[in-house]
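Protein sequences, first through last, are from chains A and B. Note that UniProt numbering gives residue 153 to position 153 of the first sequence, counting from 1, and the numbers run on in steps of one. Note that UniProt numbering gives residue 41 to position 41 of the second sequence, counting from 1, and the numbers run on in steps of one.
Everything labelled a hint here was simulated from the structure, so no lab data went into it. Please note: incorrect hints may appear among the correct ones.
Quick list of in silico lysine to aspartate or glutamate cross-link-like pairs, EDC-like style, CA-CA up to 16 angstroms [as the list claims (entries may be wrong)]:
no. : chain 1 : residue 1 : chain 2 : residue 2
1   : A       : LYS63     : A       : GLU38
2   : A       : LYS182    : B       : ASP131
3   : B       : LYS182    : A       : ASP131
4   : A       : LYS63     : A       : GLU83
Keep in mind that this is a model prediction, so the values were computed, not measured.
Protein chains: 2
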Amino acid sequence: MGEAEVDTGRRRGRSKGDLREEAILAAAERQLASVGYESITVATLMEEAGGTRGGFYFYFRTKADAVAALVERTVSALHVSLESLSVDQPGAEPVDLIRELLVRTQAIWAEHGPVMSAAVELAPTVPAIGDRWAAARDAVTQTATRIAIQAGLPDSSASDGAAAVTALLVRMGEGAFYEATKRAAPPLSEVTATCGLIWQRCLGA
Amino acid sequence: MGEAEVDTGRRRGRSKGDLREEAILAAAERQLASVGYESITVATLMEEAGGTRGGFYFYFRTKADAVAALVERTVSALHVSLESLSVDQPGAEPVDLIRELLVRTQAIWAEHGPVMSAAVELAPTVPAIGDRWAAARDAVTQTATRIAIQAGLPDSSASDGAAAVTALLVRMGEGAFYEATKRAAPPLSEVTATCGLIWQRCLGA
């Protein structure tokens with residue numbers, strides 16, 4: 001992801017429109033936490049964000065689009081965080097890189113649990129959200145696959161190859177953080193520790 | 001699960017009511033595959049199963065209840081299959097037991113993919129289905145935890161204990177079979193192979 005994309009909507013001197021769009025996303029994030037996706041309507045969003053229902057449609061076509069944009073913003077934050085991992089730096093230990101990846105993922109779940117949970121739940125049935133979520137998962141999987149290859153896993157597409165093993169371990173982490181967020185147990189830090197142990201064993205470290 | 005429970009609805013000399021209930025479940029399974037949960041109604045089910053809409057309510061309160069019963073029947077089949085694994089038999093290799101557990105799980109996904117997929121998707125939002133699915137997952141996790149302890153993982157509730165590691169690996173398998181079923185790739189047998197490799201590494205075998 002280039003700087004330009006990351007900067008979108010985050011540049012100095014925001015327009016009123018940027019602020020209004022951000023107010024809608026902020027309302028969506030709060031309402032995902034308080035009442036859940038099903039109970040959100042364009043009316044409830046605009047009541048909290050300020051503005052008319054018609055104003056909503058200047059930014060988004062549907063409620064699903066607004067939540068998809070929120071998911072995208074959230075997973076972009078994760079993406080930026082993971083991009084700065086120095087995966088290819090000489091001397092970086094694969095296991096340490098994975099642990100750092102897990103810690104950064106945990107941080108996003110801790111900060112944006114309701115958005116991440118909603119993404120997991122809605123991805124199968126809301127295409128706009130499913131697409132964003134799949135892209136984010138693929139990006140994490142690609143980063144982790146590079147690390148797994150460094151650790152010595154086969155660089156092949158076979159069932160014992162780095163890509164196949166990594167895809168399952170990334171999905172495992174997603175499910176584990178989701179479950180811990182929904183049940184409010186175990187603490188996310190324990191999920192990170194257990195995931196880290198499983199990764200360590202799989203990387204043969 | 002006792003014999004009596006397993007036998008329910010499968011005894012010889014079924015009543016007309018048993019057959020009608022089974023026809024409704026069979027219709028639900030076919031319609032999950034053909035049109036999906038959202039498009040199923042009591043009317044579509046009874047049109048295929050034969051009978052009046054009112055007849056439906058003799059067996060189930062809602063569409064969700066009928067699909068929950070179908071999920072229960074399907075995961076019961078998995079449960080019965082896993083019960084016959086001789087987990088505590090002396091000389092049984094933990095890695096071989098896990099592989100057998102995975103192969104039997106794969107068989108259920110291969111035979112009842114639409115039901116299993118629907119269960120994964122609906123579990124977060126349809127309580128009747130979520131409860132059945134969570135119970136099934138817990139049962140598989142308990143069996144696998146006993147195997148992991150035999151393999152030498154710590155019998156503790158800590159983040160590196162058999163229960164924590166197993167819970168994540170079971171969830172990993174669920175997600176992997178789900179994804180492979182939805183995308184029709186990779187083949188389920190490859191998912192089983194990759195899961196088996198990850199389990200093997202985690203069991204230190």
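Status of the hints after comparison with the structure:
1. LYS63(A) x GLU38(A): 10 angstroms, holds
2. LYS182(A) x ASP131(B): 14 angstroms, holds
3. LYS182(B) x ASP131(A): Satisfied, since the Cα-Cα distance of roughly 14 angstroms is no more than 16 angstroms.
4. LYS63(A) x GLU83(A): Violated. LYS63(A) to GLU83(A) sits at ~30 angstroms, over the 16 angstroms cutoff.
Hint 4 alone, counting from the list given before, is not met by this structure.
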